[in-house]
Amino acid sequence: MTTIAPPRITSLLEVSGVSVTFDGFRAINNLSFTIGPQELRAVIGPNGAGKTTFMDIVTGKTRPDEGTVTFGEVPRSLLRMSEAQIARAGVGRKFQRPTVFEDQSVSENLILALKAQRAPWRVLFWRETGQDRAKVAALAEQVGLQDHLARKAGELSHGQKQWLEIAMLLAQEPRLLLVDEPAAGMSFLEREQTTALLVELAKTRAVVVVEHDMEFIRRLNCKVTVLHEGSVLAEGSLDHVTKNPQVIEVYLGR
Amino acid sequence: MTRTFLARNPSVLWFLAALAIFTLTVTVLAEGLGLGLIPTAFVKVLGKTLCLCLVALAMDLIWGYTGILSLGHMAFFAVGGYMTGMWLMYARTEEIVVQALAGSPIPPTPDEVAQGVATQIFGVVGGSDLPAIWSFAHSAWLQLPMVVLVPALLAMIFGWLAFRARVNGVYLSILTQAMTLALALYLFQNDSGLRGNNGLSGLQNLPGLGEVPQSSLSIWFFLASAALLALGYVAAAFVTSGKFGSALRGIRDDEQRLRFLGYPVEGYKLFVFTLTAVIAAIAGAFYYPQAGIINPAELAPIASIYLAVWVAIGGRGRLYGAVIGAGFVSLLSSWFTGGMAPSIPLGFYTIHWVDWWTVLLGLAFVLVTLFVPRGIGGLFDKLPSPRRHGAQLGPDDGALREKEADA
Ligand SMILES: Nc1ncnc2c1ncn2[C@@H]1O[C@H](COP(=O)(O)OP(=O)(O)OP(=O)(O)O)[C@@H](O)[C@H]1O
Ligand SMILES: [Mg+2]
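Chains G and Y supply the protein sequences, listed in that same order. When we follow numbering that gives the first Met the number 0, the leftmost residue of the first sequence carries the number 0, and every step to the right adds one. When we follow numbering that gives the first Met the number 0, the leftmost residue of the second sequence carries the number 0, and every step to the right adds one.
Among these hints, one or two may not hold up.
Claimed, not checked - Sample of chain G residues facing chain Y (criterion: CB under 10 Å; computed from the structure):
#1 Thr-58
#2 Glu-82
#3 Ile-85
#4 Ala-86
#5 Arg-92
#6 Phe-94
#7 Pro-119
#8 Phe-124
#9 Trp-125
#10 Gly-129
#11 Leu-232
#12 Gly-235
#13 Ser-236
Think of the hints as simulated: they come from the structure by calculation, not from any bench. No residue lacks a Cβ here, since even glycine has one placed at the ideal position from N, Cα and C.
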């Protein structure tokens, strides 16, 4: 067997010329966005700028009216794939408000998320192996929930739910992680832990973080994309974009 | 592996033990094999009740666990009944025809027998030919697989169309009712090939067992129904435990979230819908021989609504709840509507339970929904048991959830 050197790729996700209209309102307007396979990116912008809608498009929840979205080293269009297929292709998503299965235990939540076959038949006859147990334990440990595995997710505090959701994301082993406002409802200490975790994760995968908290963004220390009215207003280092007069006017100045 | 299955489902052992004791007690007391304290008619009622418990299990799987309020599962139940009914009626009629022709000087040809059977069965709707859908009815080996195949196909087609279009919540419930109504209206027609509103009758007679008295047959059916319920319970516990059960409850609570975890939600819904349709059909296949007759009124839309009421009263989202609900309410219902409950004279008005039972049931449903959302089965939670805390499954949490995970 000959080993073939993996092709060097410059972008993992490529969104180009995408527009979405809701009842005549253009939420995303000719948006283009690229991220590399091991990159951390912060996305900021005023309320209603289209940040969440952008994630909806990438994850297949919302279909754009025009434009292309491709993913992977052999670029594959995501537009014809279902949400579940996109998720299986390696796109993980964390929602703005924590969405865990509240009626199920922490470990059940994690087991659901563990990367594995998803077809009904395979899941029906799935049996937990020692390896799975170890993975669940390690994930719980990573987010500080090791003592809460048997508890129902609904009993956790808001911050703990956020952590559980992050652990579920990690369990999926995604190659692109979309994180919507992770710091909401977290304590100062938890925010620091979160930034550290996101920076660490971005060493092995692409991570897009939407956040309003500027301190949080600063600590991420990465390239920033500013969205406004559905398109990119500015892009660059945080210092660079915060000096941009337009950004100051629409976002920071308020 | 078995140990962990039972450890995760402690209710399975309890349920099987309770069912075994009940079955044994009835068998010993019944007319057929035992002391004769329970009349045959009541043995049949109990056997039928066990079948209703089985279809309630199916309803709990689809509604209580997966959150799809199907109001069409009694249609699958009835289809299962029709499928066995065709074989039973054909075989029984064939015996009669052969007997009648036995006296003739020339022994009848198979064609003559078949013609005789067709005339016997379809004379009542003015026909004398066997419709094409009866092609398999002469053979148990051909006809009985239809108990599973026909409802499975129906459920697959319906489910594929509905789930692929992402019909959810109330809209799906209405659609299942429409399917039920359409099927009933079709069967009511005389030229449906299933004898219109006459339905199929004489189903209590098993071919070749003419000499066996009903008192014995009824016990056999009762035992078969109990075995089937036991099997169904174990199967349902298997499906609802482990990761698959987790996924089902995930669909119920937040299907969009499950999609983003990579689960093909539509595939799961189709799988459960079809599986429960088959369970319902098998239950029906054992119910109607005990009832003796089936007609299109059996799949009136209201029957499926009753099924939902039983499961709600028993406590959805737990298997024993569904069984308790169906058993308790349907027995109570046959007591009230069978004229056995004493009327209550109020002087100015007499309460006849035959008329007022539905009102009482409706009231009970509303009260349970409002005040005991976990149903009768929920009372078991009061017993010391492993963790069952956290978010309640209130009345609006389960099936009728329309709101999606909006990010
Ligand atoms: N399904 C929808 N139907 C109609 N309008 C929508 C829909 N989804 C989003 N919008 C609109 O599109 C615009 C962009 O919304 P989006 O949620 O993407 O903003 P955002 O940048 O995430 O804002 P926030 O910072 O408040 O989370 C908003 O004006 C919103 O009202
Ligand atoms: Mg948003």
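Status of the Trp-125/G interface restraint (C-beta, 10 Å, chain Y)
Since the shortest Cβ distance to chain Y is 5 Å, the answer is holds.
Interface hint check: Arg-92/G, Cβ to nearest Cβ on chain Y, cutoff 10 Å. Holds or violated?
holds (5 Å)
Status of the hint placing Thr-58/G at chain Y (closest C-beta pair under 10 Å):
With Cβ-Cβ at 6 Å, under 10 Å, it holds.
Answer holds if the nearest beta-carbon of chain Y is closer than 10 Å to that of Phe-124/G; otherwise answer violated.
holds (8 Å)
Status of the hint placing Gly-235/G at chain Y (closest C-beta pair under 10 Å)
violated (27 Å)
Minimum Cβ distance from Glu-82/G to chain Y below 10 Å?
Holds: closest Cβ of chain Y sits about 4 Å from Glu-82/G, inside 10 Å.
Answer holds if the nearest beta-carbon of chain Y is closer than 10 Å to that of Ser-236/G; otherwise answer violated.
Not OK, violated: Ser-236/G not within 10 Å of chain Y, min 28 Å.
Let's test the interface hint: is any C-beta of chain Y closer than 10 Å to that of Ile-85/G?
holds (8 Å)
Tell me if Pro-119/G is really an interface residue toward chain Y, meaning its C-beta lies closer than 10 Å to one of theirs.
holds (5 Å)
Is the hint on Phe-94/G kept, meaning its closest Cβ partner in chain Y is under 10 Å away?
Interface hint status for Phe-94/G: holds (5 Å vs cutoff 10 Å).
Measuring from the C-beta of Ala-86/G to each C-beta in chain Y, is the shortest one below 10 Å?
Holds - the Cβ of Ala-86/G comes within 10 Å of chain Y, reaching about 4 Å at its closest.
Does the closest beta carbon of chain Y sit nearer than 10 Å to the beta carbon of Leu-232/G?
With Cβ-Cβ at 22 Å, over 10 Å, it is violated.
Violated hints for the displayed structure, listed by number in ascending order: 10, 11, 12, 13.
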